[in-house]
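Got chain L sorted already, so can you dock chains R, C and F with the ligands onto it with the hints?
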Amino acid sequence: SQGSSNVLSNEEIRRYSRQLLIPEVGTKGQRRLRDSAVLVIGTGGLGSPCALYLASMGVGTLGLVDHDTVDHSNLHRQIIHTEASCAGAPKVVSAHMGLSRLSSLCNVRIHNVLLDSSNAKDIMNGYDVVVDATDNAATRYLINDACVLLGIPLVSGSAVRLDGQLTVYNYNGGPCYRCLFPTPPPVDTMAGCSETGVLGVVPGIIGCLQAMETVKLLTGRKMDEHPSMLLFSYASQPHFRSIKLRSRSAGCAVCGDSPTVTELVDYVAFCGSGPHDNAP
Amino acid sequence: SQGSSNVLSNEEIRRYSRQLLIPEVGTKGQRRLRDSAVLVIGTGGLGSPCALYLASMGVGTLGLVDHDTVDHSNLHRQIIHTEASCAGAPKVVSAHMGLSRLSSLCNVRIHNVLLDSSNAKDIMNGYDVVVDATDNAATRYLINDACVLLGIPLVSGSAVRLDGQLTVYNYNGGPCYRCLFPTPPPVDTMAGCSETGVLGVVPGIIGCLQAMETVKLLTGRKMDEHPSMLLFSYASQPHFRSIKLRSRSAGCAVCGDSPTVTELVDYVAFCGSGPHDNAP
Amino acid sequence: PKLDFSAGSLDLVVEFGGGLDALIKQELLKNVNGAKQAQIKFPKQIDQHPATIQDLIFHLRDFYVKDKPELFCVGDKVRPGILVIINEMDWEIVEDNADEYAYKLQDKDHIAFISTLHGG
Amino acid sequence: PKLDFSAGSLDLVVEFGGGLDALIKQELLKNVNGAKQAQIKFPKQIDQHPATIQDLIFHLRDFYVKDKPELFCVGDKVRPGILVIINEMDWEIVEDNADEYAYKLQDKDHIAFISTLHGG
Ligand SMILES: [Zn+2]
Ligand SMILES: [Zn+2]
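Protein chains in written order, with the numbering used here: chain L, 29 to 308; chain R, 29 to 308; chain C, 4 to 123; chain F, 4 to 123.
A couple of the hints might just be wrong.
Said to hold, decoys possible - With a cut-off of at most 25 Å between alpha-carbon atoms, the simulated DSS-like pairs for lysine-lysine come out as follows:
no.: 1; chain 1: C; residue 1: K111; chain 2: L; residue 2: K272
no.: 2; chain 1: L; residue 1: K272; chain 2: C; residue 2: K80
no.: 3; chain 1: C; residue 1: K80; chain 2: R; residue 2: K272
no.: 4; chain 1: L; residue 1: K272; chain 2: R; residue 2: K272
no.: 5; chain 1: L; residue 1: K272; chain 2: F; residue 2: K33
no.: 6; chain 1: C; residue 1: K33; chain 2: R; residue 2: K250
no.: 7; chain 1: L; residue 1: K272; chain 2: C; residue 2: K107
no.: 8; chain 1: R; residue 1: K272; chain 2: C; residue 2: K111
no.: 9; chain 1: R; residue 1: K272; chain 2: F; residue 2: K80
no.: 10; chain 1: C; residue 1: K111; chain 2: F; residue 2: K80
no.: 11; chain 1: F; residue 1: K107; chain 2: R; residue 2: K272
no.: 12; chain 1: C; residue 1: K39; chain 2: L; residue 2: K272
no.: 13; chain 1: F; residue 1: K111; chain 2: R; residue 2: K272
no.: 14; chain 1: R; residue 1: K272; chain 2: C; residue 2: K39
no.: 15; chain 1: C; residue 1: K39; chain 2: R; residue 2: K250
Simulated from the structure, these hints should not be mistaken for lab results.
Here chain L stands alone, though its shape is the one from the complex (with noise of 0.2 Å):
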């Protein structure tokens, strides 16, 4: 989406090189990735790898979303964030400084703010993938509402306890969040981690797959795949399975043929539940 394409520089060679190597991404797809901008909603358990991986890989414009303030009882699964972030800076800054010194060749922008039904779709607007790294119901359904009215395409993670889930919405005639949700669930079955609990490299896992969905989306790849849900659980052997999912439904709300959402709506009343109701 920035336009450019221009042939890598000397720098992006000698930084990129293993990756050039890789028929799968070669000079091109290491030239969009450069040319590409990414939207991380969220600098938490899942957020913190995607955001790192997505960087390292080459990335050229990351944006962060968060709202909230680096805590200690974030850092055994925030792995972005430092000890010293949590004498009060914000979320997205302790990110930004913890991309800024692993490559200085990816545009942040970071937003201080809480992602809300007044602001998601300026926030997300130009983006060419979005990443919901967020952890609770009403977000999750305001992210995937504005993603189908702007036409990005959104790669969704969530991680409970030990288990995670892995979809990628929106894309390619396969479903949005909504085509497989279309009825918020009860308030008492919406637990986020600081409730009841999270191993932490189970966010880990899902957000470091987070980057690789984003990639496949950036370089193409994904055209080729059907739509599928990704299980993971840690107690639980294979740890891995891979669930072939509807494709968009011809009757959702918001990604249908004749939709009524036509605009974001009022989420945590939807939800009867929002972001505040869960600690960091």
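Structure of chains R, C and F with the ligands alone, referenced to chain L:
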């Protein structure tokens, strides 16, 4: 192995609160992690996320071994390092800095040496788990044999191009590396990341999974599992496959009933190629 | 549960994931390599028609859920936020049913109810 | 390849992974969801005995490997560093064979040759 079985400090409770909520971890599991020592050999693409997550989740003592210095061509996958470290910092020093930013509760020991037959047992002795995050066959046989001789379970990961592999060796009646691969492969099949390349997030995924396997070993969970190898491929769907592996082989040269390898040998000669034949 | 097996029976594996296993009577669950599963012998016919997944869902709601059945079903339907997976496929694509609840159970079916996760 | 199907045939799926697909004649490989596979009709019997995986390995070495057969086989055996996986199991545990090469091929077998990776 640190012997202490003290209660968790207030600082530990605050930091690990989200893990203490998980029954499978709890106070007991968290104390086990704290009282454990894990040696990560290789602080590159696999070792970066693995060491970060082991430290973040609360492993008390982390040893790091690497003889290399940080190079710009590492940074697309070795996210524990920084551009600043490319001025010639040893990888173990750079990795130590990354771990220190994240957690002051982790006791880090660094070994800025090339692991070989003369030093391996001294360095590895006393650890509860060894993580093989190296990049060449000779070192893999060396680490395997030392783990068998010292009785330490081995979490072995590898990543090349778009593929990754993960196995726990030398544990609970399962095979060692030599049980599976009694003879080293021909020299011209042993290409590493520097010749054939690797997509940055592939070792990220495998390294996270190595941290997970280490937690399963330390908390006892791994006892319930059968020997298996996880195969990952970015290019195929589903991305993950789990292969059932053989048990320990009675005829194995090092872990068998009548071992012929009872001390470490010359692994570079054994494999016809060594760690120096791979660039960083 | 009074089930009528006069028309034959189906062997089903029913799995509960994403935390749903906590809703189920633990003595009815088996730990199969870490997955929480019930092995259920189910009638081939219910009230003269081939048994459907709707019949199974009623049966689970009435005899397997410990308490809080509203966290498994809302009325006749699986509660929002639960994915139903038949033999590793989203149940919507298993057959060209207008109504996924009409799916006719087959012997050896593996049916998973997985709660969607929101945390990160 | 002259194969004698008079005693019947087996449908096999043979997969090459971990980079081994690069050794194989590309026109004989199919891309199945990204996995590089050959779908092979193989005789049920070879020289009066039930076809074994050793027979298949000879066949692959002689007719599927492009060049450098020594990167697939050393003499009669698969070269060191290749895992042989039969129906998602290490071939050593598929049967209680003293000799894994004696495994009798079954119809619909999925046989994968995966090169072990050393990089990181
Ligand atoms: Zn939709
Ligand atoms: Zn052995």
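- Query: Between K272(R) and K39(C), does the CA-CA distance stay at or below 25 Å?
  - Reply: holds, 21 Å
- Message: With the threshold set at 25 Å, check whether the alpha-carbon distance from K111(C) to K272(L) stays at or below it.
- Response: holds, 19 Å
- Message: Would the hint linking K272(L) and K80(C) be met if the CA-CA limit is 25 Å?
- Response: holds, 22 Å
- Message: Hint check: K39(C) vs K272(L), CA-CA at most 25 Å. Holds or violated?
- Response: holds, 21 Å
- Task: Take a quick look at whether K272(R) and K111(C) sit within 25 Å of each other, Cα to Cα.
- Result: Distance ~23 Å between K272(R) and K111(C) Cα, so the pair holds.
- Within 25 Å, alpha carbon to alpha carbon, are K272(L) and K272(R)? It holds: about 24 Å lies between the C-alpha atoms, which stays within 25 Å.
- Holds or violated: K272(L) with K107(C), Cα cutoff 25 Å? holds, 19 Å
- Query: Holds or violated: K107(F) with K272(R), Cα cutoff 25 Å?
  - Reply: holds, 19 Å
- Holds or violated: K111(C) to K80(F), with C-alpha atoms at most 25 Å apart: violated, 39 Å
- Starting from K111(F), check that the Cα of K272(R) is at most 25 Å away, please. Distance ~19 Å between K111(F) and K272(R) Cα, so the pair holds.
- Message: Please verify whether K39(C) and K250(R) have alpha carbons no more than 25 Å apart.
- Response: holds, 18 Å
- Holds or violated: K272(R) to K80(F), with C-alpha atoms at most 25 Å apart: Distance of about 22 Å is within 25 Å: holds.
Of the numbered hints listed earlier, those contradicted by the structure are 3 and 10.
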